[in-house]
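From first to last, the protein sequence lines stand for chains P and E. Quick note, the first sequence lines up with residues 27 to 566 if you use my numbering. Quick note, the second sequence lines up with residues -4 to 76 if you use my numbering.
No lab work stands behind these hints: they were computed from the structure. All clues given are correct.
DEER-style ranges, computed between Cβ atoms:
| id | chain 1 | residue 1 | chain 2 | residue 2 | range |
| --- | --- | --- | --- | --- | --- |
| 1 | P | Pro394 | E | Thr59 | 49 to 57 Å |
| 2 | E | Gln0 | P | Lys319 | 46 to 54 Å |
| 3 | E | Asp(-3) | P | Ser310 | 38 to 46 Å |
| 4 | E | Asn72 | P | Lys503 | 26 to 34 Å |
| 5 | P | Asn316 | E | Gln0 | 40 to 48 Å |
| 6 | E | Pro13 | P | Lys539 | 45 to 53 Å |
Heads up, the beta-carbon is just placed ideally off N, CA and C, and yes, glycines get one too.
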Amino acid sequence: MALPDKINHNIGYLCTDWQVLLGHGDKPALIWISYGRDEKRISFKDLMFQSNRAANLFSKYRINVGDKMMILLPRIPELFTLFLGGLKVGINCCILFTSIGEDTLKERIDDSGTKCIITSKKYLYKIEKILSNLSKTPTVFIIDSSDSTSKFIGIQKEISEISPDFDTPNIDIGQPSHFHFTSGSTGRPKGVQHLHGAITNIADSFMEVFQPSPEDVYWCTADPGWVTGVSYGIIGPWVNGITQIQAEGNYNAEYWMNILEGNYVNILYSAPTVFRMLMQNNDSFYSRFNLMKLKRIYCVGEPLNPAIIDWGRKVLGKDIHDTWFQTETGSIMIANRPGIDIRPGSMGKPLSYINPSILDDNGHSVPPLQKGLLCLKKPWSSMFSEYMKNSKSYQEKFIGDYYITGDIAYTDKDGYFWFVGRNDDVINTAGHLVSPFEVESALLELTEVLDVGVVGVPDEVLYEKTIAFVVINDSIKDIRIADMKLKLHVSQKVSSIASPKEIVFTDIIPKTKSGKIMRRVLRSKYLNEDLGDLSTLEEY
Amino acid sequence: MDIIQDLNKVFREVFNNPEINVTSETTSNDISGWDSFSHINLITAIEIYFDIEFTQTEALSFNTVDDMIQSIINKVNTKKR
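Only chain E is shown next, with the shape it has when bound in the complex (with noise of 0.2 Å):
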């Protein structure tokens, strides 16, 4: 799966913004809007997309998007053992 252009879909939803592209490089202060409380609700849109859950200190420790990546590709391969 493309996880970068799902990725994207979720950050336009939640951000309301279909200009949005991120990459894997894209941080918190490229995307209009994402602050500590939009980032929950990102959080939740990301959990509720790849049906994964993330723990609390996961979900505060995202500096990048390529973070997301990694944990999203770990826990959608943890799923499917």
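In isolation and in its complexed conformation, chain P is listed as follows (with noise of 0.2 Å):
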């Protein structure tokens, strides 16, 4: 789809007014089904009325172009209306992870300077443990409430009410329009900075990848607090006129297959972690099922394993693809699709507007086969504009024109990429980033911890899980008690994903003469790998 050039940009507005001009005004923009597997169909014109409304009352609250506004609430329809009413009005969004800890709320909060958050009931306890010691008191509006209080906005019956027109103003491609958090080796996770000249990109990207034909009904898993679930699960389906599907609730193989199976879906888009937590079941589970009308799958945030390739075709009679991106790319850059022959483990190849090159440590190209810094050209429209109050690791990111991306790779002479690894220390579980100093500080905040060093290993089903070293105090009696409490402690301060699958107590964590934990040596200790060179250890 290429956008006319004069159209108005702004995201919230393409995703809605437009396709109501391009007369999808009562096709389905979404399927929602329920807990309890209630459905409920929202068309584009009802998406922009009720975006609409969200933009209204975010007007009347002053909150303003520019602006940031976090939401904090499960896959509700609601979710999607204020996230694109507040696009419509230029305010600089971002969605949570409900599952998100109580410090990193804070931080985050902090971090970015928001002005306003929108929860529900459910999550408001969250946000209410940290509101005393936030740096800047914001707007916290409820959304299933119609009370207030001096320190909650409750707006259900103020929304109703509000009027459903709005006029979305001209925007420029420049103006900030969402933002992700991101994790690194070192430090807190960084704000990634998204423009609302983004959709360009994600627009092109959806249709060059999934290619739908106009009826299709996509499906994509991916929760809204990552950069999947916003691109492609909210942007690149809408701003293209595609109905899609959003499902409440956690993973369960039937009540997945059920949704494939009885909502029709054509094209879904998931994560290898669920495949392979599907590849769980019995072969014959899957006979239950009628599968015709789904055409693709697509999987997105890990490495997709030829084995998981093998599994879709012999078990559900369809290819799996592989597709490639990150949050600071902000779209697909690299991907199997139709048209290019799987090679099962290759990342694919890049799309066509994206120019991706391996380069050394020096900025050189390399050659075909051999190993090194995958990096991409810039700029690209959905490239990310910066880390949030950190342009040093912004600057950092980058060697003359490219863009480096962290993943080492290589290509083949057919011009295939094929990931390696990272060349950082950030773990990739179940397709979310897990910092490990972000965990390192938390478990150190326990009187119990006396040192800790954290580290990914392989797992069979995460791809990566987080083992956490440590070093506890001699007053602890209970070593299991001990486990649970720091697990439970990363988990609600940091996050669940964040929380270690493992700890493992030990006397002492091994580090450089410099004091920088030697990662590479737990890593070998904990798969009983020959520890190699330990000559700059400070000591073991």
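Combine the two chains into a complex, taking the hints into account.
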């Protein structure tokens, strides 16, 4: 889809009003499935009116262009209309994972200077716990209450009565639209800023990779707190006028297969971890479901191992296509897609307008089959514009005209890209990036913990799992309770995703002479491998 | 013993939410933060609290709190014999 040059590039407008102008007004934009398996259909016209109501409400409360807003809601229709309404006003929006821990929530509100948070009664307790400790008190809206206090504003009745008409102002493509947080190997997770201009790449990549027919039903299972959930669970399908499914609730094989079958899903976009979980069912389980309508399956977030592709062909009778992108890239950069032969284990080929290269440490291109840094020639429209309040880290992500992805890869002689690993210590668990530093910091808050080192190790289901090596003080009597306390602490302070799968109690954390944790040694120790060169070790 | 009350204590501790009131019909969809990652912590906490152990298959099969209660009762009774 090519957007007309002179059109308003506001993402909220293009996903709603523009779709109505194109004649999609009565078409379902969203098929929403509740916990109780009830179904609700929201047309593009409804999406336009409801996002307009949200935009009017924000304007009334003086949440204006450039202000930052966070949404802490589960996958319910209001999440989508409030997000789009915020974009229409020009508010810089961020959708949070509902599993977010209290310390992380506080840091993200403070770091971004968020002016407004939207939540529901169910999640309000998370905000109540940190509200008095925030450096600046945000406006807090509650969507399922009409009562207000000095701290919270219940908007349920008000938003239903406010005007459904809103004239979306023209917006510059360089206007900030939405942001996510991503983990690095050092320091706190960084706010990754995207712009309204990102819509071009998101729209084009959606069509080039997923190749939907106008009447297709598309289902992206990614949480909207993740870049995939926004780029391809909100913007990509809707800016292209495609009907999409959103389902409440957690992963459950039977539930998901029922949705695929019962809602005639044509295109599924999910994560390798989901397929590794599906693979745990007997093949006969799948013979109960008629997936004739399902045309294509795509994956994102972790390397797609060939075993999953083989399983998809054998059990589901479908190809599973890998796609690769990052929070920073904002949209798919490299993919296996219809029209290109799948090479199991490869990431696929770059999209038609993307120019990746494999570079050595000095920024020189390396020949095929030689490993190096996977880099992308800038600019492209969905490229992040900054790490919030961290321009140094942003500058460090570029070498000449290239963005350094942090992934190590190589190309084959036919131009396919092959992922090898990361060049940092970030842990990829079930497609979520976890910072070892963040987990270590949380654990060191506990008086029982004297020292800690956190690493990721391979896992059959999650791709990688988080392991914490911990030195505890002598007063601990019951290791089992200590183990639980440590895991819960990380879960509550950071997020359940970051909570270590295993705690290994140890006497010492290996460090270099300059005090840096030798994660390579910890990994080898866990995997019972040769510890390698220990000459730089301070003590072990 | 009142298992549901004891379980409620564990849930409140694991999910750091004193407002939680589980019933036998409660599912993961009813509790904020009960996802596949925190489920592992929940299972470990229940094992510690009741001094029992679940197999991996058991731990993954719980769809409701009632499923947990039945399993806990069976294990506690087996231990008493």
